[in-house]
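Given the structure of chain G, go ahead and fit chain V onto it with the hints provided.
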Amino acid sequence: KQEVTQIPAALSVPEGENLVLNCSFTDSAIYNLQWFRQDPGKGLTSLLLIQSSQREQTSGRLNASLDKSSGRSTLYIAASQPGDSATYLCAVSPYTGANSKLTFGKGITLSVRP
Amino acid sequence: AAGVIQSPRHLIKEKRETATLKCYPIPRHDTVYWYQQGPGQDPQFLISFYEKMQSDKGSIPDRFSAQQFSDYHSELNMSSLELGDSALYFCASSSAGGATGELFFGEGSRLTVL
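If you read the protein sequences in the order shown, they are chains G and V.
Take the first sequence: its letters are residues 965 to 1078, numbered as in this note's numbering.
Take the second sequence: its letters are residues 124 to 237, numbered as in this note's numbering.
Certain hints may be false.
What the hints assert, rightly or not - Distance condition first, Cα-Cα at most 30 Å in a straight line; then the derived DSS-like pairs of lysine-lysine:
#1 K1070(G) - K1032(G)
#2 K136(V) - K1070(G)
#3 K136(V) - K1006(G)
#4 K180(V) - K965(G)
#5 K1006(G) - K175(V)
#6 K1070(G) - K145(V)
#7 K1032(G) - K136(V)
#8 K145(V) - K1006(G)
No wet-lab data here; the hints were simulated from the structure.
Next up, chain G with everything else stripped away, as it sits in the complex (with noise of 0.2 Å):
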């Protein structure tokens, strides 16, 4: 059975500081890994996604990088603004198809103080 783990649970960061939020899984036949930001209460804002034979991908401040046959990914976020605070998940999928259901780590709560 899949296992998706995130640590810390919770980060507190000045503002302006770069950071790397991590995950880890523990089978490494994944097709695809998704990066989501909640808000509080809120809805699951896709990130970024990551496919199996792909290293990385960029979008604005945010690059997320997979190794997959260690079974790690890592979100990076330049300059941290306050903006960015929010629980970050992430996600893997194991098939692609009808079958793409994801299995989420539990969160990092990331909070950037003014």
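Leaving out everything else, chain V in the frame of chain G:
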């Protein structure tokens, strides 16, 4: 661009009552997934449908049932509600033929059972 639409956004029910949540996937998406996120928890996969047939089943209670209709929208029916059913319920959609297998999530339906 059209996103996944869920209704209602908020729902309050008493114990032992019945609730129905609706999900309208992104146009031309043929696969729908339901997730349950309890307070402080990661989203847990409940059930998925592809082309109106159940494609996978997760930790969905026997009191819950779901289906996908000919227009691809899906409904999650929950009966004999319990306090522990209070959660945020997400629907996600994808295209089974899509290359990336990316799931797109709705804003969620918040169910409160009193």
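Checked hints:
no. : hint                : result
1   : K1070(G) - K1032(G) : 20 Å, holds
2   : K136(V) - K1070(G)  : 27 Å, holds
3   : K136(V) - K1006(G)  : 20 Å, holds
4   : K180(V) - K965(G)   : 14 Å, holds
5   : K1006(G) - K175(V)  : 28 Å, holds
6   : K1070(G) - K145(V)  : 26 Å, holds
7   : K1032(G) - K136(V)  : 44 Å, violated
8   : K145(V) - K1006(G)  : 17 Å, holds
Hint check: a violation occurs at hint 7 only; the rest are consistent with the structure.
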